[in-house]
Amino acid sequence: MSQFATLLTKENKIVRYLVVDDSVFARKNLIKMIELFGGEVAGEAGDGLTAIAEFNRSKPDVVLMDITMPQMEGIEAVERIVRQHAHARIVMVSSVGYQENILAALQKGAKHFVQKPVKAEVLYEILRYVLSDDPAASGPAVRLPAVLVEEQSS
Amino acid sequence: MRMELIQPFIDAADAVFSESLQAPAQIADLTMDENAYRRKGVAAVIAIKGDIEGRVVLDLSPEVAVKIASQLAGTEVAASEQVVRETVCELANMVIGNSVTLLNDQGFRFKVFPPEIHTREEGLASTVDTEALVLCLETPCGDVFLNIAMHYLKRRTRDRDIAPVVS
Chain S
1335 MSQFATLLTK
1345 ENKIVRYLVV
1355 DDSVFARKNL
1365 IKMIELFGGE
1375 VAGEAGDGLT
1385 AIAEFNRSKP
1395 DVVLMDITMP
1405 QMEGIEAVER
1415 IVRQHAHARI
1425 VMVSSVGYQE
1435 NILAALQKGA
1445 KHFVQKPVKA
1455 EVLYEILRYV
1465 LSDDPAASGP
1475 AVRLPAVLVE
1485 EQSS
Chain D
17 MRMELIQPFI
27 DAADAVFSES
37 LQAPAQIADL
47 TMDENAYRRK
57 GVAAVIAIKG
67 DIEGRVVLDL
77 SPEVAVKIAS
87 QLAGTEVAAS
97 EQVVRETVCE
107 LANMVIGNSV
117 TLLNDQGFRF
127 KVFPPEIHTR
137 EEGLASTVDT
147 EALVLCLETP
157 CGDVFLNIAM
167 HYLKRRTRDR
177 DIAPVVS
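Chain order of the listed sequences is S and D.
Throughout the first sequence, residue numbering follows the working numbering, covering 1335 to 1488 in sequence.
Throughout the second sequence, residue numbering follows the working numbering, covering 17 to 183 in sequence.
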C-alpha cells in the first residue's frame, strides 16, 4: 500500500498529469511516483513543442516539466502554455537548479520547482501545495531566489 | 584545472548516487589527463558554454548501467541498449546538472546542453589549454567515470563586480 494519501483535485477527482522530459527514464520515474500518489497520466512529451500540443489535447490538472530539452526548452514551453491557459499548474523538474533558472521559470508562470534526483516525499508536498491553489498556504521548503521571496512577501 | 571547478562535481556525484542508490560514492581514483578521452563503456557527453566552457563525460559499462537502472526502478530491469543509453544520459543529467547548480551558486554563469551519447571509437580531445580530470567513482553497482575538461572563458560575475575601475 502507498505511504501517500491520494491527491485529489478541488472537485474530488483523480489528478491527471502531463509528464514532460526528454529522458524516457526520467518520465518512467515520475510516472511511478504519480501512481504512488493515486494520480493518472494524461500524456507524455519529450520536448517543449510536443508538451504544448499534449497540453491542448489532454488538458491535465498538473504538468511536470523538465527544463533542458531539445527543440524547445521547458521554460519557453511554460511561457507559451501559460499565455493560452493562465491557470495551468506547472511544476518544473530539473537537475539544473540554479537561481536564474528557477526565477525565469516562475516568472514565466511555473508554480514550483523540484530538483532531480526527485524524492517522492518532496514532490508529494509540492503537488499538495500547488493543487491547493491557496497562495496563503505554507509551501514546502524549496530554495527560492531571494528576489522571488521578496516579491512574494510584499 | 582549479579545485573550485572540480569540487562541485565530486559533491554532486556523491549527492546523486547517495540519493539514487542509497549509498555514498567513494572516489577510487583521480588523475589528470592531457590525452584524448577514450570511453570505457557507454559515455554521455554534456557541453557547457558561458563563463566556463568545456565538456563533461559520464562513462560506465553496460552491466553497471543495468544494475543502476534496476536500483532506480526498484525492480529487475532487463538489459537492452535503450535501457543502458537512457540510464547513462539521465545519470549524466543529474550529476552534471547538480554540479553546475553548485558552480552557478559560486557566481559562474553558463548554459548546459542535453546529453549526447558518445559512441565513436576515437577519443574526445581536450583543447590545448584544457587538460581533463578523470574521476573514478566506486558505487555499490560498480565503477562510474567522470571526465571533466573545462576552462575559464570570463571572470565570474562576483569578480567582475569587484574589479577596480580604471579611468
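Don't read these hints as lab results, they were simulated from the structure.
Here the structure is a predicted model, which means the values were calculated and not measured.
Keep in mind that the hints are not guaranteed to be accurate.
[As the list claims (entries may be wrong)] Within a straight-line C-alpha distance of at most 27 angstroms, the following computed BS3-like cross-link-like pairs (lysine-lysine) qualify: (1) S/Lys1344 <-> S/Lys1442; (2) S/Lys1347 <-> S/Lys1453; (3) S/Lys1453 <-> D/Lys127; (4) S/Lys1442 <-> S/Lys1453; (5) D/Lys127 <-> D/Lys65; (6) S/Lys1362 <-> D/Lys127; (7) S/Lys1442 <-> D/Lys127; (8) S/Lys1366 <-> S/Lys1344; (9) S/Lys1393 <-> S/Lys1347; (10) S/Lys1442 <-> D/Lys65; (11) S/Lys1393 <-> S/Lys1453; (12) S/Lys1393 <-> S/Lys1362.
[Said to hold, decoys possible] Computed Cβ-Cβ distance ranges for the label pairs, DEER-style: (13) S/Asp1467 <-> D/Ser96: 15 to 23 angstroms; (14) S/Thr1343 <-> D/Ala95: 47 to 55 angstroms; (15) D/Ala52 <-> S/Gly1372: 49 to 57 angstroms; (16) S/Gln1433 <-> D/Tyr168: 18 to 26 angstroms.
Even glycine gets a Cβ: it sits at the ideal position worked out from N, Cα and C.
Against the structure, the hints:
no., hint, result
1, S/Lys1344 <-> S/Lys1442, "24 angstroms, holds"
2, S/Lys1347 <-> S/Lys1453, "24 angstroms, holds"
3, S/Lys1453 <-> D/Lys127, "25 angstroms, holds"
4, S/Lys1442 <-> S/Lys1453, "25 angstroms, holds"
5, D/Lys127 <-> D/Lys65, "5 angstroms, holds"
6, S/Lys1362 <-> D/Lys127, "26 angstroms, holds"
7, S/Lys1442 <-> D/Lys127, "18 angstroms, holds"
8, S/Lys1366 <-> S/Lys1344, "23 angstroms, holds"
9, S/Lys1393 <-> S/Lys1347, "14 angstroms, holds"
10, S/Lys1442 <-> D/Lys65, "23 angstroms, holds"
11, S/Lys1393 <-> S/Lys1453, "26 angstroms, holds"
12, S/Lys1393 <-> S/Lys1362, "20 angstroms, holds"
13, S/Asp1467 <-> D/Ser96: 15 to 23 angstroms, "42 angstroms, violated"
14, S/Thr1343 <-> D/Ala95: 47 to 55 angstroms, "40 angstroms, violated"
15, D/Ala52 <-> S/Gly1372: 49 to 57 angstroms, "51 angstroms, holds"
16, S/Gln1433 <-> D/Tyr168: 18 to 26 angstroms, "21 angstroms, holds"
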